[in-house]
Amino acid sequence: MERHLNYPISDRGIVSVMVQSRENNKISYKAADLSDTLVKIRDLHFSRGSRKIFDGLSMDIPRQGVTAIMGPSGTGKTTLLKLIGGQLTPDEGSIEVDGLDVHQLSTKKLFELRQRMGMLFQSGALLTDLSVFENVAYPLREHTRLNEALIRHLVLLKLNAVGLRGAADMMPSELSGGMSRRVALARAIALDPMMIMYDEPFTGQDPISKGVLVSLISELNNALNVCSIVVSHDVPDTLSISDYVHFISAGKVVESGSPEALTSSNVEWTHQFIHGDADGPVPFHYPADPIMDDLYQRGK
Amino acid sequence: MTSRKIEILVGLFVAAGIAAFFMLAMSVSNMSSYSTGETYEIKARFDNIGGLKVRSPVSAGGVTIGRVSNIQYNSESYEAEVSMQIEAKYDKFPIDTAASILTSGLLGEQFVGFEPGAEEEFLQGGDVIDLTQSALVLEQIIGQFLYSMADDSGEAE
Amino acid sequence: MNLINRFLDRMQKIGAATLHSFRRLGRGSVFLLEVISSCASLFVRPLLVVKQLYSVGVQTLIIIVVAGLFVGMVMALQSYYALVDFGAEDSVGVMVALSLLRELGPVVTALLFAGRAGSALTAEIGLMKATEQLSGMEMMAVNPMQRVVAPRFMAGVISMPLLATIFSAVGVIGAYMVAVELLGLDSGAFWSQPQNKVDLHLDLYNGIIKSVVFGVVATWIAVFEGYDCIPTSEGLGQATTRTVVHSSLAILFLDFVLTALMFTK
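Protein chains in written order, with this note's numbering: chain A, 27 to 326; chain B, 1372 to 1528; chain C, 81 to 345.
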């Protein structure tokens, strides 16, 4: 069954119906068109204090399909998303989103651009003093002048898409980790963005909620026909839903390609990361003097 | 908590603050003596005003009828010049009214006391009172007292 | 050599600490300007301020009323025993009223405010930062300065003079209860002396101006510490402590400056 429903992506406000039959478990992908670039990162340098996080990073992210950015913890994957969203400013280099240089924009233009971006934070980042319903309604109330009835419809549809319509009246503190991520996802798609960024969506989830999130990401991507950027270090789940993968390490892209190509890659680093080997290009030992020297010195 | 409840409580809070302000203004401060009505100015010259201050009361027969508005030293006549704002409704003071600087209680505040005279004409705004009596300065009185004691004892011997 | 090095180390620490505090002061000042310019947006959404008035003002009210009542009662008792020796016990009213309006009302209210509302503001904003709520708002193209910081700042600035006035009024009532009901002073004398001596402009208005200034400073420090905190549980704890300590010191120092400006000629 063809699940790719190409609804018009509106600027805002038009209901994009994503209610699809859930009994159809087999998801058939339509090959995404990867030639059209939405995010263009060129020669990116960024450092925190004296620690260099990005050292000449360049990558393209296509307008459609799920692009995964993977790498070990501490490589600045979250930082990269914040740079794309314009929350951080790079030391050098440029990031273009939909033809606009994010860091050259005025605050007003940047905010306009952000309305077309959705971001799912690792913690969900729900506003704790608002109910689930109000959280999803928040961007709509802030950026549109829709009447209350229409907002209610939109919010319930978005919540239904993530399967949490029944939790509309709950407070964020009553939700489990997986549920609050799904609510945050409903909020991220409230304004029908052109891209959704997922920051470590699978971390700390039990297998069931992880499975839910995995299928949600790919379903939403197909239904909304948007650009999804998934930042993760969870290899099997991420590879199973992505159309294109960038591996980053030490501030640079190590290897890029389709999941199939990367799984059989000859690059040592990629091999170690995908298979989770304890030792390899990323050594088991943190750089240190030879152990005998250290022990000998201590004894002195 | 519903937003209606919150708004009501906030409304009560603001009302309580304003009520507290008016309570303080009315019953603790001198707002009631800031008469909004008209006043007229009378001046008086004293040799010594003692501890009289701006905003000290002006009273006649024990009733406060105005306030001292300004105190200056006139270096030509070597006198202190006291300006007073008298409430307009007390406009029947004869021109030979006497002004003296009195003390409420033994150690209390000093104020200007008016003693009405007998003339037919009344004081107008800007008039100057000629009949004045200076403040009693305690040190001077004690000094005089001791001096006269010494005199008395000298005569007796 | 060792001694010189130690001396230099010590100097370096002092220098670094000085630079650090100046940097914070600078950041704080820029932050204050940003907050003030964000306050304009509140006219579009006054409900945000009302909500914060509830948590900043109404929830602080109880402690203010209780403290005001007891401070007034104690003041009446103490000044009665001091004045009765001179036969001047009728001045209890004016003494209590003047001390409350000029000093105790604004200062004690501000100190309690910093402890109750200020620390809560820091913790709340800091926690929003730690749980990425502020980042999340930014990514939703919503300026957290306008939606989170400015309403809280505004509510603090509005609440402080109201709270200080209520504190003084309750304090005077407490003093009345002790002086007239308990110690048997004449109620006419209790009220008439302040009416003669307490000046509407000099005492009442200046006290309110003081409390507005304290409100600005205490709320500014509270929201800045929250917004600027290190988003960990330890950093949050430190920021909350700093809020109480810094705002208390700032209030006492500013009270001296303002008193010197207002009440000396």
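Derived from the structure by calculation, the hints contain no laboratory data. Check each hint, because a few of them may be wrong.
[Unchecked claim] Distance condition first, Cα-Cα at most 20 Å in a straight line; then the derived EDC-like pairs of lysine to aspartate or glutamate: (1) Lys131(C) to Glu160(A); (2) Lys131(C) to Glu168(A); (3) Lys134(A) to Glu114(C); (4) Lys277(C) to Asp1498(B); (5) Lys135(A) to Glu114(C).
[Said to hold, decoys possible] Now the stretches of chain C that chain B is said to cover, found in silico as 3 or more residues with beta-carbon under 8 Å: (6) 120 to 133; (7) 151 to 157.
The C-beta atom is built at its ideal place from N, Cα and C for all residues, glycine as well.
Against the structure, the hints come out as follows:
no.	hint	verdict
1	Lys131(C) to Glu160(A)	16 Å, holds
2	Lys131(C) to Glu168(A)	17 Å, holds
3	Lys134(A) to Glu114(C)	16 Å, holds
4	Lys277(C) to Asp1498(B)	28 Å, violated
5	Lys135(A) to Glu114(C)	19 Å, holds
6	120 to 133	holds (count 4)
7	151 to 157	violated (count 0)
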